[in-house]
Each structure stands twice: as C-alpha cells, then as structure tokens.
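Chains A and B supply the protein sequences, listed in that same order.
Sequential numbering from 1 applies to the first sequence in this note's numbering.
Sequential numbering from 329 applies to the second sequence in this note's numbering.
Hints are computed from structural coordinates only; laboratory data are not their basis.
It is possible that part of the hints are untrue.
As the list claims (entries may be wrong) - Below, in silico cross-link-like pairs of lysine-lysine (DSS-like), each with a Cα-Cα straight-line distance of 25 Å or less: (1) Lys312(A) with Lys551(B); (2) Lys544(B) with Lys312(A); (3) Lys551(B) with Lys276(A); (4) Lys489(B) with Lys214(A); (5) Lys509(B) with Lys181(A); (6) Lys155(A) with Lys114(A); (7) Lys418(B) with Lys223(A); (8) Lys579(B) with Lys551(B); (9) Lys251(A) with Lys604(B); (10) Lys216(A) with Lys566(B); (11) Lys418(B) with Lys181(A); (12) Lys566(B) with Lys214(A); (13) Lys579(B) with Lys223(A); (14) Lys509(B) with Lys251(A).
Stated by the list, open to error - Restraint-style ranges between C-beta atoms, simulated for each label pair: (15) Pro103(A) with Lys378(B): 55 to 61 Å; (16) Ile563(B) with Thr133(A): 20 to 26 Å; (17) Thr133(A) with Gly601(B): 20 to 26 Å; (18) Gly462(B) with Pro59(A): 47 to 53 Å; (19) Asp95(A) with Pro358(B): 20 to 26 Å; (20) Ala272(A) with Arg504(B): 29 to 35 Å; (21) Asp614(B) with Thr133(A): 35 to 41 Å; (22) Lys378(B) with Glu288(A): 40 to 46 Å.
We treat Cβ as the ideally placed atom computed from N, Cα and C, and that holds for glycine.
2 protein chains.
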Amino acid sequence: MKHLNLLLIFLTIILSSCSEDNVNQSDPLPSWNSGNTKQSIMDFVNNVTKDGSPNFVKPEDRIATFDNDGTLWSEQPYYFQLQFALDRIKAMAPDHSEWKDNPLLMAVINNDIKTVIGSGEKGLMEIVMTSHTGMTTTEFEQIVREWINTTRHPKTNKLYKGMVYQPMLELLDYLRANDFKIYIVSGGGIEFMRPWTEEVYGIPSEQVIGSSIKTKFEIIDGKPVLLRLPEIDFIDDKEGKPVAINKFIGKRPIAAFGNSDGDLQMLQWTAAGDGKRLIVYIHHTDAEREWAYDRESSTGRLDKGLDEASSKGWTVVDMKNDWNKIYP
Amino acid sequence: MKHLNLLLIFLTIILSSCSEDNVNQSDPLPSWNSGNTKQSIMDFVNNVTKDGSPNFVKPEDRIATFDNDGTLWSEQPYYFQLQFALDRIKAMAPDHSEWKDNPLLMAVINNDIKTVIGSGEKGLMEIVMTSHTGMTTTEFEQIVREWINTTRHPKTNKLYKGMVYQPMLELLDYLRANDFKIYIVSGGGIEFMRPWTEEVYGIPSEQVIGSSIKTKFEIIDGKPVLLRLPEIDFIDDKEGKPVAINKFIGKRPIAAFGNSDGDLQMLQWTAAGDGKRLIVYIHHTDAEREWAYDRESSTGRLDKGLDEASSKGWTVVDMKNDWNKIYP
C-alpha cells in the first residue's frame, strides 16, 4: 500500500509537469477592468479555442494582427520613429557640413519641431530617407538597438520601449497561451521595429510586418551585404495593410487590433472572413494617464473607423475606463 | 517489491510518452545513402542543436531556407508553374475569342510549345500575366488547388504534387524534429505555392516566400477583396532571394538549400553569417530516375554555383549516388 501511494504521488508530479494543457486559473488580463470589452475578448477566445465549439479554429489558423503605434505603444506627441529620425540627423550632422544649406535639416538640428512637422509628407520623407538609408541592414539594426535602449520620452521620462501598454502585453500573452500566432502590421518601418519587438512584446522578427525601403544585395570586399537604398519599397498603411497581410502571411487573420483610420482596411479585411471574428479599436480617451484624441488628431486619427466600429458592432476599448493600468 | 517494479514500469511509460527529447534511434534519412553528403548534414544538425556545443544555435534562430523548383520537386522539361499557366490559358480560351489574333496565345492553345518557349522572357511574362491575374486572391487559390490536385506530369504520369523528392521530405522532417523553422524561398509564384505546400511539405503559407504580382484592396458589393493586378511586385530570384529573406524573416538562415545559379546569392548570404552553416546544392545527376543537367540547362542552370560550391567546400548532393529513392 505504501508503494502504491508513492506511485500515485510520482504519477501526479510527472503528469502535471509534462501536461501541455496546464490551465492558469487566475485572471489572464488583470489590467483590464471587468466589463463588456474584456468579456467580448475572452468570449471570442473561448469560442474559437474550445474543442467541439461550432466556431472552433485550428491553432494554425489562429492569426491575430496588431497595429503598433497607438495600439501596442504610445504615439504622441508624434510617432516615436520620427523622434528616432530626428535624433539620427543630429547625430550625423557633424559629418555633414553641407546640410547648412538645407533649411529642413537645419530645423531638425536646431530643434525647430514646428518647421519639421510643417514640412508635411515630403519633408518628413526626406528626414526619414536621410536618417534611415545609406548603411547596411546590419549597421541599421545596431543603430536602432542602441537608440531604443537609451532614449527617453520627453513627457514621461520613460525609455521609449517602456511606453508600451501593459493591458496589451497581457493580451498578447493570453492569445499566445491560446495558440494564437501574433503579427505586428504597422505603418512604421519594418527594420525599425524588429530589433526590439522580441524583447518587448515577445514577437519575433518574422512576425513583424511594416513599411519598408528597398535594399540591394552586393558583395563588398568579398562579403555579401544588403544596402539600404533611399527608395520606398512599400507603405504598410490603409489599403496596404490587407495587401501586406496577404503577401507575408497568406492567411486571413481571425482577430485584428488597431487604433486609427490607417487600420480600417485591416479590420475590414479581417471581419470579412467566415466564422467568428474579433475586431478591436483602441480608443485613446485618457488625457491624464496617456493622451486623449480621435477625430481631429494629426497623429493616429480615428474618425471613419469610429463610425464603422459603431455601425458594425466592433469592440472599442475605452482606455480610461477599460484599463486600470497603462504602462508596465 | 512487486509495487516498486510496477512503479518503475509506469514511470518509464509516462516519461517516454511526455518527453520532448524523444530521440528517434532509427535513421531519420532512410532515402539518403551513407556517405559524406549525409554525414555533413547530420554533423551540422548535431553541432548546432547539442546543448553545450560551441556552435549551439537557439531554436528561434534555426532558420533553414529551401528553393522549391529543382530542390524540393522536379522542374523538367520546364517549370511546373509554366504548365499551370498553359493549362489555364487553354481553359480560359472559350471565353476569349479575341485571342485568335494573338499568335503567342494561339501557340499555347495549339500546344505549340516550341513557339511558347521561343517567345522568351517577354512572351512567358505575357502568358503568366494573362493566366495569373484579373481575379481575386481567393479565386486564384481555388484555381491552383484544383490544378495541383488533378494534373499529371506527361513523363511520369504522377500528379505534379507527387513529383517531390522523398529524401528532401525526410530532410524537412528531420530539421523540424530538431526545431528548425523551414522556409521556401522560390522564384516561383508565392500564391502558386501556398495552396499546397502545407499538405505536401508541411510548410505553412506564412513560411513560403516567392515572386509576386501586385494586389489591390477594393470593396466590391460591400465585400472587401484583393484583386490580382497584371503588374510584377517582386522577382524572388538571384539577388532578390537575400532581399526577400531579409524582408520576410529578418533573420539570416543558418542553412540554405538550392539547385541553380538562381540560388547562389541566397547561399552566399547564408554562408556569410557567423558560426556553423550548412550550404547545400542539389546536383541533378540522375538521367534515369529523374533528369541530368547543370551548366548548359535553360531550366535550373547550375554553373557558377557549382564552381563556388567546389571552391568554398559547400555540400553538393549527387542525386544519382546520394539518394536511393527519388519520389515518394
């Protein structure tokens, strides 16, 4: 009898340590307040993952796509990648005395952000091209890595990589625990995100989709490199998002998360598939803990999307009321 | 004592059924003859996967890229995707009486393959564009699915999807069992491959990279679709292969497999990384069981690559002598 007890104890220990269905009984989304929003997310996940559910989706088809700026991390007072570009221009300036004749680049160097923003799409593109190209992909990765690990946001004094939303980190973990494959689908630069998304979000580079510039394969001094060219390859925004999802993934997501009109087509494309879908807009409603903006904002405008979410019954996260915590 | 024996038996059964390090003691590559080629592959895998090895690579960085045509399946007497295009033109012909004034399309319809091949890159591009565009991505997927499941190769009378190499299927399984993530990186059309790579190779669509045409997001009758446009997006061949690997994966492979000069840059890019690398060319040497061709072939020419493999000491698979079986 003694041996039989021992046997049972051993069996219990071993079975529990090797079980893959180890279910966490505690709340997987502690930074989300109870309510309809949280419930709609959890209902969807239960619905598509429960064996025998009429809406069951095989693990390999559990694709979820997330916008980055304003959805996984903050984007005010302007996109963080623009700050990176401005910092790069200033760092490069000592080697470019010829920039003294370029009013736009001089505005960057003199912290004249009003002129920079006022330069519009054409001016911003020049700033991005000047700061983001002309080096190898390996060199650029190193530059991004250094910036993201050292630079702080002027308002919060947090590292930029600390300006990510704790409730969204929990949501990513929750989805992964339910065998979802998570992709970032961002208007931001693909090679600006990849050096840190694994560390910060647990999302590996091959699951990061973004805007890109062209690269060119060359053998320099016997060593193959990819050179970053000052030429747009693809803008991963608006209609570009479903195009990129189809190109990179080749499957239609069953869940999509965005925060602006730039995400609308991704949400429409996701919603148009068969079966249960989870379509979510993050609505920036918290002027105190983060920022409050929507229809009139130049960064992350949410106007048409807000109307469509309302008419289609999509889930809209009210940051102020649905989240009890913003940053980790 | 009796109970203790029982305990040991139970433990053994349970541990073996839940262990993830379950090592298959039998030969993982039975269709590969013993010899240097097989040994170089297995030595590499042992080297990068063995805990404590100075060449150990973390599972998330175990990226292996494979060309498709001539590397995973046959490509003679011409690329199978060209046969698909020709079959499509013939299927579409009844609705296109205007093609009677187009000598190239009439050559296709009349099985005049000599004229078709003789039309060169421009002619072949017209055939591909005519047959591959003008529908939604969903419609195209269905067309490919139907073709691949019904069409047979004129020489072997096998279904095209049965013209895959058994030794390579074993190699894919062996690498996956060792936590490699496998990508196809092919000059073939990305949306021509994806409908069947999961079934045939166990490679999901998100791990298939290929040449692409542009698509356009549109809402037609209230339903979002992606329309396939008659415009090249990207040619995933030669210098394009490392460019696409960087864009889609964002990591450098540690193993790469090709069979032609079109794969050379992918192999060079892979070889240029730090640490142990496995660089493999499949050399078509078996005129009896498959085809024998290399430096002079118009399809799958292997000329510069053969020289570089020799000078760099890459692994060259001699199909005739290294493989005891070709097709499943």
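>> Given the hinted pair Lys251(A) and Lys604(B), is their Cα-Cα distance within 25 Å?
In response: Since the Cα atoms of Lys251(A) and Lys604(B) sit roughly 34 Å apart, the hinted pair is violated (cutoff 25 Å).
> Can the suggested window of 40 to 46 Å be confirmed for the beta-carbon pair Lys378(B) and Glu288(A)?
Replying inline: Given about 54 Å between the Cβ atoms, the range is violated.
> Can the restraint linking Lys544(B) and Lys312(A) be considered satisfied, given a maximum Cα separation of 25 Å?
Replying inline: holds, 23 Å
> Per the hint of 29 to 35 Å, is the separation of the Cβ atoms of Ala272(A) and Arg504(B) within bounds?
Replying inline: holds, 33 Å
>> A range of 47 to 53 Å was offered for this pair. Does it hold for the Cβ distance of Gly462(B) and Pro59(A)?
In response: Once the Cβ atoms are compared, 34 Å apart, the range 47 to 53 Å for Pro59(A) and Gly462(B) is violated.
> Do the alpha carbons of Lys566(B) and Lys214(A) lie within 25 Å of each other, as the hint requires?
Replying inline: holds, 16 Å
> Going straight from one Cα to the other, do Lys216(A) and Lys566(B) come out at no more than 25 Å?
Replying inline: At roughly 11 Å apart (the allowed maximum being 25 Å), Lys566(B) and Lys216(A) satisfy the hint.
> Within 25 Å, alpha carbon to alpha carbon, are Lys509(B) and Lys181(A)?
Replying inline: holds, 14 Å
> Does the Cβ pair Asp95(A), Pro358(B) satisfy 20 to 26 Å?
Replying inline: Violated - the Cβ-Cβ distance for Asp95(A) and Pro358(B), about 60 Å, lies outside 20 to 26 Å.
>> So if I understand the rule, the pair passes when the alpha-carbon distance is 25 Å or less; does Lys155(A) with Lys114(A) pass?
In response: With a Cα-Cα distance of about 17 Å, the restraint between Lys155(A) and Lys114(A) holds, given a limit of 25 Å.
> Do the beta carbons of Thr133(A) and Gly601(B) sit within 20 to 26 Å of each other?
Replying inline: holds, 23 Å
> Is Lys312(A) close enough to Lys551(B), meaning Cα to Cα at most 25 Å?
Replying inline: holds, 13 Å
Of the numbered hints stated above, those contradicted by the structure are hints 4, 7, 8, 9, 11, 18, 19, 21 and 22, listed in ascending order.
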